[in-house]
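Engineer: Kindly generate the complete structure, drawing on both the sequences and the hints.
Chains as they are written, first to last, in this note's numbering: chain A, 1 to 100; chain B, 1001 to 1464.
It is worth saying that the hints were derived from the structure and are not from the lab.
Note that the structure is predicted; figures quoted are calculated from it, not measured.
Some hints here could point you the wrong way.
Stated by the list, open to error - Which stretches of chain A does chain B cover? Using the computed rule of at least three CB atoms under 8 Å from a CB of chain B, they are:
{"id": "1", "stretch": "38-52"}
{"id": "2", "stretch": "59-72"}
{"id": "3", "stretch": "76-85"}
What the hints assert, rightly or not - Anything over 12 Å on all C-beta distances counts as not near chain A; from chain B, calculated:
{"id": "4", "residue": "R1030"}
{"id": "5", "residue": "M1241"}
{"id": "6", "residue": "G1249"}
{"id": "7", "residue": "L1289"}
{"id": "8", "residue": "I1292"}
{"id": "9", "residue": "D1293"}
{"id": "10", "residue": "S1401"}
By construction, the Cβ of each residue, glycine as well, lies at the ideal position given by its N, Cα and C atoms.
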Amino acid sequence: MTGIIALYIFMLAAFTGYEVIARVPVILHTPLMSGSNFVHGIVLVGAMVALGNAHTPLEKTIGFVGVLLASGNVVGGYVSTERMLEMFKSSQDKRKGGKA
Amino acid sequence: MSALPAAVAGDLIQAVYFAAALLFIIGLKRMSSPKGARAGIVWAGVGMLIAGLITFLWPGMHNDILILTAIFVGGIAAWWSGKRVPMTAMPQMVALYNGMGGGAAAAIACQELVRGSPFAPAPVVLAVIGALIGAVSFSGSLIAFAKLQGLIKKSLRYRGQQLVNFLVLLATVVGGAWVIALHGNAPMQLVVAFFALALAFGVLVTVPIGGADMPVVISLYNACTGLAVAFEGFVLGNAAMIIAGMVVGAAGTLLTQLMAKAMNRSLANVLFSNFGEGSAQGGTIAGSLKPIDAADAGVMIAYAEKVIVVPGYGMAVAQAQHKIWELCQLLIDRGVTVRFAIHPVAGRMPGHMNVLLAEAGVPYDLIGDLDDINAEFDTTDVALIIGANDVVNPVARTDKSSPIYGMPILNADRAKNVIVIKRGQGAGFSGIENALFYLDNTRMLYGDAQKAAAELIQAVKATE
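Structural biologist: Next comes the structure, spelled out in structure tokens:
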């Protein structure tokens, strides 16, 4: 990937991120922070490639730590976001259920 | 591992990464409205799954067993902890998982640098900057986690702290610049020193920050991790990492600004001011705290026409949201108008209270945020404050010397009566005395929020 193409990607992605969040109601700020936390878990694929190309024991150790941490980010980010959003699923049903 | 020809595998991988990036953006977009939010995380999850799986086909990959072991161990630990923690502990778990992502980005950079092969100029600059941001996000998030989890109780502050932090940062940047000057082909000692300094800076800069500011800090580190991931994505030539990381970096930055703005503080102020240092002396407030028992408080709210509930961290700590909603349902059945007023920074994360109220099943239409509910306090009979403190402190409007002066607050003091449920007589998290508690129309109901709510339920039932 050439530098200038990457620069375009950086710019467009930055505007996308800004636009995606610009109209978010306050009630979803925490789930969204958690959700974006999950999304940067994509670092996992980079960590996998890094470990996959590691040769010396030192490189393997660092790569292993990287994949370990990244999978924690992915799975933890998913589970916590999912748990938060689960509560927003159908407040109407819950209201009926709560009164019953 | 790949049985496919390298070129085909490469194209396939790029196509899947493209799809993953698209799914992430759609997922985040859907998460920005309550209706589609639940589906949003599933979309993003699918993107993550296919991106992760296809990566095994990367030409020339080995160490498959190591990779699988690391994913398995890290994944299981995160799954177990993520499922197990109570909702109230979510802010620190987000900090923890976020720190792990930052650490992973730093590890990628670290591995590239210890490999010792020379870099082109652009990748080495971004690798080093990404490593710095990722490492700071890693150690800083761990400190944020430890603080919210109660593992670190004190906010360490000392004379000359800013100078020490600045010098450590300066040394880190010099170390990074040196690595760049060597085109990434740096001696091991230098790489180790650079990472050690970056990690130390993350610790040093986070340790003095008080609990009330933690939401902003966690959000900032979330954005930082995104940026670090994007930069390391450039180093690896991985477009999915660049896009996902940059989207999170931008979104996280905006979110951080929204939060800081809600507290009427600049980001620099949150990070570098010695908030709370001067506030211990506080202004002396005339008047006294007037306690009330649950029976009287129950009568007061049962015969009110309109009650606004202001939840805060105290509700989260006591896990009182279910009891509070039960109480409110009782009141609604009696014909009392009940609303919930949520300050943007109530609790430990923006929207923290919304998540808890949603868990208890409170419908959205009863919940108002700062702007749309503040005018209603004037026509409210009882403002019921449940473990909230700084966000209802009228000092923010009146006392220019107060550290929270200028922060928009909920005007609970304008209600005809105020009942404050509070564990004890101590000051709030920021250490600032709350003038609201001393007003003539304020009554203090001491006790754990859940117990107090249960007593109020009994009291309201007794009036029937």
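Engineer: Hint by hint, note whether the structure agrees.
Structural biologist: Here is how each hint holds up against the structure:
1. Residues of the stretch 38-52 of chain A with a Cβ under 8 Å from some Cβ of chain B number 15, which satisfies the need for three, so the listed coverage holds.
2. Only residues whose beta carbon comes within less than 8 Å of a beta carbon in chain B count, and the stretch 59-72 of chain A has 13; three or more means the coverage holds.
3. Closer than 8 Å: that is the beta-carbon criterion, and the stretch 76-85 of chain A has 10 residues meeting it against chain B, so the requirement of 3 holds.
4. Look at R1030/B: its CB is around 9 Å from the nearest CB on chain A, not clear of 12 Å, so calling it non-interface is violated.
5. With 12 Å as the threshold on Cβ separation, the claim that M1241/B sits away from chain A is violated: the shortest Cβ distance comes to roughly 5 Å.
6. Non-interface call for G1249/B relative to chain A: violated, since the shortest CB-CB distance, roughly 7 Å, does not exceed 12 Å.
7. Every CB of chain A is more than 12 Å from the CB of L1289/B (nearest about 31 Å), matching its label as outside the interface.
8. Here I1292/B stays apart from chain A, with its beta-carbon at least about 28 Å from theirs, past the 12 Å limit.
9. In this structure D1293/B is separated from chain A by more than 12 Å, as the shortest Cβ-Cβ distance comes to about 28 Å.
10. The beta carbon of S1401/B sits about 30 Å from the closest Cβ of chain A, which is more than 12 Å, so the claim that it is off the interface holds.
Comparing the model with each earlier hint shows violations of hints 4, 5 and 6; every other hint is respected.
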